Amino acid sequence: MIIKAIEKLINFENLSQLESENVMNQIMSGDSTPAQIGAYLIALRMKGETVNEITGSAKAMRSHSLKVTFEHSNDNLIDIVGTGGDGSNSFNISTATAFLVAATGRQVAKHGNRAASSKCGSADVLEAAGVVLELQPDQVAECIEKVGIGFMFAPIFHPAMKHAIIPRQDLKQRTIFNVLGPLTNPA
1 MIIKAIEKLI NFENLSQLES ENVMNQIMSG DSTPAQIGAY LIALRMKGET
51 VNEITGSAKA MRSHSLKVTF EHSNDNLIDI VGTGGDGSNS FNISTATAFL
101 VAATGRQVAK HGNRAASSKC GSADVLEAAG VVLELQPDQV AECIEKVGIG
151 FMFAPIFHPA MKHAIIPRQD LKQRTIFNVL GPLTNPA
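Residue numbers (this note's numbering): 1 to 187.
Derived by calculation from the structure, the hints in this document are not laboratory data.
Some hints could be false.
[Claimed, not checked] Lysine to aspartate or glutamate pairs mimicking EDC-like chemistry, simulated, CA-CA at most 20 Å apart:
| no. | residue 1 | residue 2 |
| --- | --- | --- |
| 1 | Lys47 | Glu19 |
| 2 | Lys8 | Glu19 |
| 3 | Lys146 | Glu49 |
| 4 | Lys59 | Asp31 |
| 5 | Lys47 | Glu13 |
| 6 | Lys67 | Glu145 |
| 7 | Lys67 | Glu13 |
| 8 | Lys67 | Asp170 |
| 9 | Lys67 | Glu49 |
| 10 | Lys172 | Glu134 |
| 11 | Lys162 | Asp31 |
| 12 | Lys162 | Asp124 |
| 13 | Lys4 | Asp31 |
| 14 | Lys67 | Asp138 |
| 15 | Lys146 | Asp170 |
| 16 | Lys47 | Glu7 |
| 17 | Lys119 | Asp170 |
| 18 | Lys146 | Glu71 |
| 19 | Lys59 | Glu19 |
| 20 | Lys146 | Glu134 |
| 21 | Lys8 | Glu49 |
| 22 | Lys8 | Asp79 |
| 23 | Lys59 | Glu49 |
| 24 | Lys4 | Asp75 |
| 25 | Lys162 | Glu134 |
Since the structure is predicted, the reported quantities are computational estimates derived from the model, not experimental observations.
Whole structure, please, built from the sequences with the hints as guidance.
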């Protein structure tokens with residue numbers, strides 16, 4: 001599937017939502033090589049992602065992720081997330097903002113990772129501050145319920161992303177994954 005998708009993208013043809021979902025499932029299942037993943041990511045970026053391509057990819061990614069569930073309905077919960085890789089040499093604004101928002105009484109489910117295409121990811125900031133990153137879903141839910149903020153470390157909540165991390169790091173470019181992060185919050 002990924003080879004046909006790359007061919008279409010090289011010809012500036014859009015993928016359907018289902019095609020994008022199938023390719024992302026192939027990537028998340030470990031059935032694509034790092035070279036294929038890299039070629040797909042760059043071809044998609046060069047063509048420009050469509051709503052259908054993003055939607056299909058997000059759907060597949062969410063199906064492979066762990067979920068955070070809460071004992072009580074949580075209508076007060078929000079996510080503050082950046083996309084990374086902005087190239088502006090700015091500090092990690094979304095992480096600082098998450099703490100400010102939590103201080104106002106809103107509950108924050110922060111979702112993020114180490115830097116892949118930027119200088120500093122949210123996990124890098126939190127780890128430097130002494131925050132334990134590798135919490136399980138029930139532990140994150142407990143943090144949110146007790147202190148108003150919890151961090152979901154992407155490698156724990158999106159274990160299938162292990163198949164795409166090396167191509168992402170090698171490319172050092174923004175890819176569809178920069179957009180998918182905010183769309184695939186496990187909470």
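Here's how the hints hold up against the structure:
Between Lys47 and Glu19 the CA atoms are separated by roughly 15 Å; this keeps the pair inside 20 Å, and the hint holds. Taken as a hint, the Lys8 and Glu19 pair is honoured in the structure, with Cα atoms around 11 Å apart against an allowance of 20 Å. The straight-line distance between the Cα atoms of Lys146 and Glu49 is roughly 39 Å, outside the 20 Å bound, and the hint therefore fails. The suggested pairing of Lys59 with Asp31 holds, with an alpha-carbon distance near 18 Å, which does not exceed 20 Å.
Among the hinted pairs, Lys47 with Glu13 is consistent with the structure: their alpha-carbon atoms are about 8 Å apart, no more than 20 Å. Using a Cα cut-off of 20 Å, the hinted pair Lys67 and Glu145 holds, with the two alpha carbons roughly 16 Å apart. Under the criterion of a C-alpha separation no larger than 20 Å, the hint pairing Lys67 with Glu13 is inconsistent with the structure, at around 34 Å. Of the supplied pair hints, the one linking Lys67 and Asp170 is violated, its CA atoms being roughly 29 Å apart against a limit of 20 Å.
Using a Cα cut-off of 20 Å, the hinted pair Lys67 and Glu49 is violated, with the two alpha carbons roughly 26 Å apart. Restraint check for Lys172 and Glu134: the C-alpha separation of about 25 Å exceeds 20 Å, so the hint is violated. Distance hint between Lys162 and Asp31 is fulfilled; the C-alpha atoms sit about 12 Å from each other, no more than 20 Å. Of the pairs offered as hints, the one joining Lys162 and Asp124 holds, with about 18 Å between alpha carbons and a cut-off of 20 Å not exceeded.
Using a Cα cut-off of 20 Å, the hinted pair Lys4 and Asp31 holds, with the two alpha carbons roughly 14 Å apart. The suggested pairing of Lys67 with Asp138 holds, with an alpha-carbon distance near 9 Å, which does not exceed 20 Å. For a cut-off of 20 Å, the pair hint linking Lys146 to Asp170 is broken: about 39 Å separates their Cα positions. With a C-alpha separation of about 12 Å, the suggested pair Lys47 and Glu7 falls inside the 20 Å cut-off, and the hint holds.
Taken as a hint, the Lys119 and Asp170 pair is honoured in the structure, with Cα atoms around 14 Å apart against an allowance of 20 Å. Between Lys146 and Glu71 the alpha-carbon distance is near 12 Å, which keeps this suggested pair within the 20 Å criterion. The hinted pair formed by Lys59 and Glu19 meets the criterion: a straight-line CA distance of about 12 Å does not exceed 20 Å. Distance check on the hinted pair: Lys146 and Glu134 sit about 18 Å apart at the alpha-carbon level, within 20 Å; holds.
About 13 Å separates the Cα atoms of Lys8 and Glu49, which keeps this hinted pair within 20 Å; it holds. Annotation: proposed proximity of Lys8 to Asp79 is violated, straight-line Cα distance about 34 Å (limit 20 Å). Note on Lys59 and Glu49: the hinted pairing holds, with a Cα-Cα distance of about 15 Å set against a maximum of 20 Å. For a cut-off of 20 Å, the pair hint linking Lys4 to Asp75 is broken: about 42 Å separates their Cα positions.
Distance restraint check for Lys162 and Glu134: the Cα-Cα separation of roughly 15 Å lies within the 20 Å cut-off, and the hinted pair is therefore satisfied.
Checked against the numbered hints listed earlier, the structure breaks hints 3, 7, 8, 9, 10, 15, 22, 24; every other hint is satisfied.
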